[in-house]
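*Asks:* Spelled out from the first residue to the last, the chains are:
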Amino acid sequence: MSEVVKKFMYLNRKAPYGTIYAWESLEVVLIGAAFDQEVNLMFIDDGVYQLVKGQDTTGIGMKNFSPTYRTLGDYEVKNIYVDADSLAARGLTQDDLVAIAYEDMDTEEEIENIVEVVDAARVTELMDEADVVFSF
Amino acid sequence: MPIVVDGKTFETDEEGYLANINDWVPGVASVMAKEDDLELTEEHWDIINFLREYYEEYQIAPAVRVLTKAVGKKLGKDKGNSKYLYGLFPYGPAKQACRYAGLPKPTGCV
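Chains A and B are the protein sequences, given in the same order.
Numbering-wise, the first sequence is residues 29 to 164 according to my numbering.
Numbering-wise, the second sequence is residues 39 to 148 according to my numbering.
Just chain A, same shape as in the assembly (with noise of 0.2 Å):
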């Protein structure tokens, strides 16, 4: 296994489906998160809506692919945030998210929802931390 080379943080500012960029940013995450790198996710503006239970593609024939979130806690994806402003401005609340369980199979802890809804200074704090910051 390689190391840990980099803090990578993920901005997600679109709605799904409209474009590519929601499916192609968990795309990447997914493969880097296979790469043993350490992954962040944040969720925010309409990005946000990428997280929102129950959604239904049939109509617009594409796959919906909102189920596949709920695998990054095997993926070892520990760091799942959602930009709080964002929610509220949508009349969104955290009850509308899917939730992301962790399991760490060392230690058998078992976290239920690693989704965090976070405050604009965490927003800025946790993209300072950042070793790379990619947007889409």
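Source of the hints: derived by calculation from the structure; they are not laboratory data.
These numbers come from a predicted model, not from an experiment.
Worth double-checking, as some hints may not be accurate.
Cβ pair distances, simulated, as ranges [what the hints assert, rightly or not]:
1) B/ASN119 - A/THR47: 18 to 26 Å
2) A/PHE63 - B/GLY45: 39 to 47 Å
3) B/PRO40 - A/GLN122: 43 to 51 Å
4) B/GLU77 - A/THR152: 57 to 65 Å
5) A/PHE63 - B/TYR129: 14 to 22 Å
6) A/GLU140 - B/ASN87: 22 to 30 Å
7) A/VAL161 - B/MET39: 36 to 44 Å
Glycine included, each C-beta is placed from N, C-alpha and C at the ideal position.
Since chain A is already given, all that's left is putting chain B on it; use the hints.
*Replies:* Here is chain B on its own, set in the frame of chain A:
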């Protein structure tokens, strides 16, 4: 190269993965395994069926370490390790088992 199962032809991509996951029948796995000179046992089928359920739930073919972790959770720790899984699928448990299961090539596999 398309594969033929019970007289029916199934389209595959250039790497041998089924073109349409919904076409899959268990015979696909048997025929693919035969081409690899592999006899499918109940243990193989456990993993193949597990992968199909995983895809159904998460819409993704898991990378190998994710598969290992998930198998450990679902089928027990004695099966959730690389040694066991590579023993069953020598060409790489995620790649080979996903192919047999009709899934696309796992995301994050090179």
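*Asks:* Kindly confirm whether 39 to 47 Å is satisfied by the beta carbon distance between A/PHE63 and B/GLY45.
*Replies:* Roughly 43 Å apart at Cβ, these two residues keep to the hinted range, so it holds.
*Asks:* Could one say that the CB atoms of B/GLU77 and A/THR152 fall in the range 57 to 65 Å?
*Replies:* 58 Å, holds
*Asks:* Just tell me: holds or violated, for the beta carbon distance of A/GLU140 and B/ASN87 against 22 to 30 Å?
*Replies:* 27 Å, holds
*Asks:* Take the C-beta atom of A/VAL161 and the C-beta atom of B/MET39, compute their distance, and say whether it sits inside 36 to 44 Å.
*Replies:* 43 Å, holds
*Asks:* Does the Cβ distance between B/PRO40 and A/GLN122 fall inside 43 to 51 Å?
*Replies:* About 48 Å separates the Cβ atoms of B/PRO40 and A/GLN122, which means 43 to 51 Å holds.
*Asks:* Quick check: does the Cβ-Cβ distance between B/ASN119 and A/THR47 fall within 18 to 26 Å?
*Replies:* The hint (18 to 26 Å, Cβ to Cβ) is violated, given that B/ASN119 and A/THR47 are roughly 40 Å apart.
*Asks:* Can the suggested window of 14 to 22 Å be confirmed for the beta-carbon pair A/PHE63 and B/TYR129?
*Replies:* Given range 14 to 22 Å: holds, Cβ gap about 20 Å.
Violated hint: 1 only; the structure is consistent with all others.
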